[in-house]
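**Student:** Protein sequence lines correspond, in order, to chains B and P.
Mapping the first sequence onto numbering that gives the first Met the number 0, position 31 (from 1) lands on 30, and the numbers just tick up by one.
Mapping the second sequence onto numbering that gives the first Met the number 0, position 19 (from 1) lands on 18, and the numbers just tick up by one.
Don't read these hints as lab results, they were simulated from the structure.
Just so you know, not all the hints are guaranteed correct.
A few chain P residues facing chain B, derived, Cβ under 10 Å [claimed, not checked]: (1) Leu16; (2) Arg38; (3) Leu70; (4) Trp74; (5) Gly77.
Which stretches of chain B does chain P cover? Using the computed rule of at least three CB atoms under 8 Å from a CB of chain P, they are [what the hints assert, rightly or not]: (6) 9-17; (7) 21-32; (8) 59-69.
Sample of chain B residues lacking proximity to chain P, with all beta carbon distances greater than 10 Å (derived) [to be verified]: (9) Pro84; (10) Gly90; (11) Leu115; (12) Val145; (13) Ala159.
Think of the CB as a built atom: it goes at the ideal place given N, C-alpha and C, for glycine as much as any other residue.
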Amino acid sequence: MKIFKQIIAILAISFISGLGFNAFSPRGINVFDNPWSRNAIDAPAYQLEQSVQWMQEEPIIFVDFDQACRFIEDQEGMILDARTPEDYKEGHIPGAHPLFFYNMNEYYTKLESRLLESPVILTYCGDFNCEDSEFLANELFNLGHVPILVYKGGFEEWKAHQMPVEKSREEAQG
Amino acid sequence: MMERLLLHPLIVWGCRLIVAAVLLYAAVQKIWMPLEFARLLREYHLLPDQILNLVAVILPWVEIICGLCFLSGLWLVGAAVLLSAMNTVFAFAISYRAWLIMSTTGVDFFDLSFDCGCGFGVVYIPTKILENLILVGVGLIILFSRWRAHVPNSVR
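Work the whole structure out from these sequences, hints included.
**Tutor:** In structure tokens:
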């Protein structure tokens with residue numbers, strides 16, 4: 000019986016300490032939030048620019064290289080790089096802003112007002128295996144930003160197509 | 000003879016200090032990056048997405064409180080039970096993820112390394128599972144040392 004009391008005491012203190020620390024930590028997270036489930040769907044190949052209404056119904060959309068190129072060339076909205084600040088500094092898609100998903104609190108506040116003004120947001124990360132651009136899109140969706148395009152090919156595919164790369168357009172620190 | 004050696008007060012003290020150091024170090028790495036820790040937990044495919052953030056916030060604190068218990072001697076039995084239980088679960092979880100990776104990629108078990116979310120970055124998995132099992136054993140040593148201290152000789 001004594002063992003159970005001790006275990007419950009340890010777990011209860013851990014629970015309270017964890018939630019308390021998380022509430023005041025600059026890197027604290029919403030414990031009831033779920034940025035992990037996949038909400039994104041594939042964009043139809045034929046259209047994006049004519050599908051504003053459709054994009055509002057399906058707020059997170061995967062786009063391929065051509066669609067991402069068109070978005071970037073037409074400057075349709077903000078481009079967000081979900082990779083680490085170090086990766087961003089080494090090179091990124093021209094015009095992209097750093098928004099490292101795992102330190103979102105610091106980066107987001109800097110960009111919030113501009114993101115709110117952006118009609119569409121495009122996120123990307125490393126490559127097809129990287130999920131951070133999707134997580135970032137889910138989190139932005141939870142914060143009220145729609146629609147969001149997720150460029151799944153990411154920076155590696157961008158480079159593989161010999162596309163221009165920009166270095167440290169802005170300070171990558173949070 | 001073996002029992003006497005393993006349950007010698009100096010050995011038990013050493014175990015407590017080492018375990019406390021490991022737990023506190025690992026926990027401190029995790030409490031500063033809860034979101035990244037949650038992502039690493041997600042890669043095990045064992046917990047529903049809805050509770051990943053909560054587990055990522057609480058779990059490092061269980062390690063911290065257990066570590067402090069091992070240092071201070073307070074609630075030592077409960078901390079030892081939790082240490083053994085947690086590391087048993089971790090060993091199974093890491094083995095399961097290793098099996099998932101092996102079955103999808105064909106990588107050999109003895110060539111397997113990944114970030115297990117344990118607070119030590121990318122680690123060699125066979126060694127990591129062994130470490131978890133050693134920690135289970137250390138928890139049991141501490142548990143039995145306390146049991147011996149409280150149970151009269153005639154009952155043993």
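**Student:** Taking the hints in turn, state whether each one holds.
**Tutor:** Results of checking the hints against the structure:
1. With a least beta-carbon distance of about 19 Å to chain B, the hint placing Leu16 of chain P at the interface is violated under the 10 Å criterion.
2. Taking 10 Å as the C-beta cut-off, the interface hint given for Arg38 of chain P holds, the closest approach to chain B being about 7 Å.
3. At a threshold of 10 Å, the smallest CB-CB gap from Leu70 of chain P to chain B is about 14 Å, leaving the interface hint violated.
4. Taking 10 Å as the C-beta contact cut-off toward chain B, the hint placing Trp74 of chain P at the interface holds, the least distance being around 4 Å.
5. With a least beta-carbon distance of about 3 Å to chain B, the hint placing Gly77 of chain P at the interface is held under the 10 Å criterion.
6. For the region 9-17 of chain B, the proposed coverage by chain P is satisfied: 7 residues have a C-beta within less than 8 Å of a C-beta in that chain, meeting the threshold of three.
7. For a cut-off of 8 Å, the count of residues in the region 21-32 of chain B with a CB near a CB of chain P stands at 9, and the three-residue condition holds.
8. Only residues whose C-beta sits within less than 8 Å of a C-beta in chain P count toward coverage, and the region 59-69 of chain B has 0 of them, not enough to reach three; the restraint is violated.
9. With a closest Cβ-Cβ approach of about 14 Å to chain P, Pro84 of chain B is found to remain outside the 10 Å limit, as its non-interface label requires.
10. Interface exclusion of Gly90 of chain B from chain P stands, the closest Cβ pair being 22 Å apart, more than 10 Å.
11. Every CB of chain P is more than 10 Å from the CB of Leu115 of chain B (nearest about 22 Å), matching its label as outside the interface.
12. Against chain P, the non-interface label of Val145 of chain B holds: every CB pair exceeds 10 Å, the least being about 21 Å.
13. Taking the minimum C-beta to C-beta distance to chain P, about 22 Å, the non-interface status of Ala159 of chain B holds against the 10 Å cut.
Going down the numbered hints, you'll see the structure goes against 1, 3 and 8, while the others check out.
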